[in-house]
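A.B. asks: Sequences listed follow chains A and B, in order. Counted from 1, the first sequence has number 197 at position 176 by our numbering; the numbering is strictly sequential. Counted from 1, the second sequence has number 32 at position 11 by our numbering; the numbering is strictly sequential.
Hints should not be assumed to be uniformly reliable.
As the list makes no split between identical chains, a pair holds if one copy fits it or if it spans any two.
To be verified - Lysine-lysine pairs mimicking BS3-like chemistry, simulated, CA-CA at most 25 Å apart:
1) K98 / K219
2) K126 / K84
3) K233 / K83
4) K52 / K105
Calculated from the structure, these hints are not laboratory results.
2 protein chains.
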Amino acid sequence: MHSRTVFFVSDGTGITAETFGNAILAQFEMKPRHVRLPFVDTVDKAHQAVRQINHTGDAEGKKPIVFTTLVNMEVLKVIQSGCKGMLLDMFGTFVRPLEQELGIKSHHRVGRFSDVSGSQEYSNRIEAINFSLAHDDGQSHSDLAGADVILVGVSRSGKTPTSLYLAMQCGLKTANYPLIPEDFERRQLPPALEPHRKKIFGLTIQPERLSKIRNERRPESRYASLENCRTEVSEAEAMMRRAGIRWLSTTTKSIEEIATTILQELWPERLRY
Amino acid sequence: MHSRTVFFVSDGTGITAETFGNAILAQFEMKPRHVRLPFVDTVDKAHQAVRQINHTGDAEGKKPIVFTTLVNMEVLKVIQSGCKGMLLDMFGTFVRPLEQELGIKSHHRVGRFSDVSGSQEYSNRIEAINFSLAHDDGQSHSDLAGADVILVGVSRSGKTPTSLYLAMQCGLKTANYPLIPEDFERRQLPPALEPHRKKIFGLTIQPERLSKIRNERRPESRYASLENCRTEVSEAEAMMRRAGIRWLSTTTKSIEEIATTILQELWPERLRY
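Use the sequences and the hints to build the structure in full.
C.D. replies: As structure tokens, then:
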């Protein structure tokens, strides 16, 4: 049961407003309804947003919570003066003290993504995505020298989502390679990876969780059996320990947490730029 | 030249702090140095962060700007009392007025990603990523009924990054299909897609930009020539118009803007949940 609605109003995508607003709301034991209103970039659309917010408030009998990241002052003024919700103006709250500290005026330009499509950073992201797709699941050994990160781990330990996240959000060309029985028999990393050991990062996972994930794909298979998962995980961990590569357990971690840890270990300069 | 450093301090990944802080900083004509300090979740680490921030401030002779999304009060207090930077406590600023409005206390739990890895939403994201990988670039016609979105467009119009973004960030199973000369000759969408017309969204792009992108991959080719790009784009747009499918131009848009527009058009309920 939702008893209250939270709006995220932005003249851009509203992703920043929603990400940040959700992090704040996560501090409360409540399940509000979420409504993202993106691209509210004209006075007309602002009036429309106000109507929608006030209508919701009347229907629920409770003030809607309204997070805004509006930089267009005309639009913001319409919301400020007409909206009966509780307004949390995320930009204004911090921009004004910053103007004082920095001694410069903000320029009220819309959207952190605007016109990024022509930028170098943006084409790096796209190039990294293409690289990671071509090097998913050990598909290619070509140009491993060009990789920024090489992930290894048993099948279904989280390599593919992590690779794509590192490519898409951090612009890192990320290859990933499964560790398979042949590697365990040789007791060595796949030979093609040896020269690139410094870029290798390992992912491991609790056997119980791995077995559950694999069972969803191939129920009742030997591949998914707890016994086999235990063997594979223990072989893989022993190998990573011998090879002296860094690794972490993905069992209770989100892609974002895994990616941030990999940045700290392999690319700390991506956290300082 | 950087003249001032901005820190993003979090007891989680710091992604929220950095995303939001950057959106605010984008309002100013300045290029500060960025330092993200993730996983600051103990008093010891807080003291370490304080030393780093103050050292930077002394070296630069300017107050560092410090965005924090700390929920651990002990950690926050160390930063508040010891740090000589300009502290922007993003959570505290909004959490306190929200406690008043909601009439409940916040629980100071760390991290919007904590322990999400076992949740249904999280496994939906992973499943969507796998689906999108298997249905990238028209690789498979199987289970198109299971797709949430089907993107079409000429080669290099932005389909792959958009598909992966929709899967990873929105949990939407997104297939993508290139429109190729055979389709233009038949003057019809690829036949396998016909039954799923309602889920199709088209991407187009300015021929000049397309030619530039293609030239980076295959310089001097007919494929990349401006003339060929013009023909393909005009055929593709004519076909999408005839088929009555919705489409947009990706030329100056970021993945995030494209994805948000697709949500508005095909999955508005994903913006309201």
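A.B. asks: When the structure is checked against the list of hints, which entries are broken? Sort them ascending.
C.D. replies: 1, 3
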